[in-house]
Amino acid sequence: MKKGISPLISWILLFGFAVSMGTGISIWIINEMETINIGGPGPETYCKDVRLSINEVCRAADNKTINFNVTNTGNFKIWRYTVGRETTTIPEQWCLDLYAGPSTQGLEPGLSDQFNLSIAGDMSPIIGTDSMIYKECYDVDLNISSDVVNKVNIISWIKIDDEVMYCPDQKLEITSSNPDLNTAC
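In terms of the working numbering, the sequence shown has 79 at position 79, counting the first letter as 1, and numbering is strictly consecutive.
Hints in this document: simulated from the structure, not taken from any laboratory.
One thing to keep in mind: the hints can contain errors.
To be verified - 16 Å max Cα-Cα, derived EDC-like pairs, lysine to aspartate or glutamate:
id, residue 1, residue 2
1, Lys77, Glu173
2, Lys159, Glu56
3, Lys64, Asp122
4, Lys77, Glu136
5, Lys64, Glu173
6, Lys64, Asp162
7, Lys151, Glu56
8, Lys48, Asp169
9, Lys77, Glu108
10, Lys159, Glu108
11, Lys64, Glu86
12, Lys48, Glu34
13, Lys171, Asp122
14, Lys159, Asp97
15, Lys135, Asp97
16, Lys64, Asp169
17, Lys171, Glu44
18, Lys151, Glu108
19, Lys77, Asp97
20, Lys77, Asp122
21, Lys171, Asp49
22, Lys135, Asp122
23, Lys77, Glu163
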C-alpha cells in the first residue's frame, strides 16, 4: 500500500508546485508589462531634454512690448512657444507663437531667438466650438502701457517623428525679481 500512495503524493506535490510557480510568474509578467510603454516614449521622456535660457529681456522704449532674446540650451529643436504674461492690472493670459527661431523651421539647439510680447494687449482666448483657441502672439494689439510686468512664462513645443509635443514642465519663468523685465532697452 505504501508503494501506491507514494507516487500519487509526489505527483500531487509536483502539480501543486508547478501551478504555484506558474501563478507567481504570471503575476510578475503582468506587473512588468504594465510598466512597459509599447507605443514608445511619451512627451515627458523627450521634454526632460528641452531647455530655454534667457539671454536678455527688456521693455521696449515705446512701452508697448517686452523684448526677449532666448537660447535653446536643450537637445531638441524647439518648434513654437506658448507665452504667458501677467501684469499689475491684467491676470495671466497666454498666446501662441507659431514659429520659434529665425524661420519657420524651428530653433536648433545652441541657437538664439528674439521675439516681442505685447505688454497690455488682450490675449484672452477665442472661444471656439470645441475648445479655447489661443491667439497668436503676433495678432495681439500693441497698446501703450505703464503696467509693471509681474511674470512671463515661455513654454516650448518640440516635434518628434511629426508629432508636436507641449513641454509645460520645462517652462522658462521670468518674474519681476529680474530687474531687466521692466527696464527700458
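Now for the hints, and whether the structure bears them out:
| no. | hint | result |
| --- | --- | --- |
| 1 | Lys77 x Glu173 | violated (20 Å) |
| 2 | Lys159 x Glu56 | violated (26 Å) |
| 3 | Lys64 x Asp122 | holds (12 Å) |
| 4 | Lys77 x Glu136 | violated (20 Å) |
| 5 | Lys64 x Glu173 | violated (20 Å) |
| 6 | Lys64 x Asp162 | violated (36 Å) |
| 7 | Lys151 x Glu56 | holds (15 Å) |
| 8 | Lys48 x Asp169 | holds (8 Å) |
| 9 | Lys77 x Glu108 | holds (5 Å) |
| 10 | Lys159 x Glu108 | holds (12 Å) |
| 11 | Lys64 x Glu86 | holds (14 Å) |
| 12 | Lys48 x Glu34 | violated (22 Å) |
| 13 | Lys171 x Asp122 | violated (22 Å) |
| 14 | Lys159 x Asp97 | holds (15 Å) |
| 15 | Lys135 x Asp97 | holds (9 Å) |
| 16 | Lys64 x Asp169 | violated (29 Å) |
| 17 | Lys171 x Glu44 | holds (13 Å) |
| 18 | Lys151 x Glu108 | violated (26 Å) |
| 19 | Lys77 x Asp97 | holds (15 Å) |
| 20 | Lys77 x Asp122 | violated (29 Å) |
| 21 | Lys171 x Asp49 | holds (12 Å) |
| 22 | Lys135 x Asp122 | holds (9 Å) |
| 23 | Lys77 x Glu163 | holds (13 Å) |
In summary, the numbered hints that this structure violates are 1, 2, 4, 5, 6, 12, 13, 16, 18 and 20.
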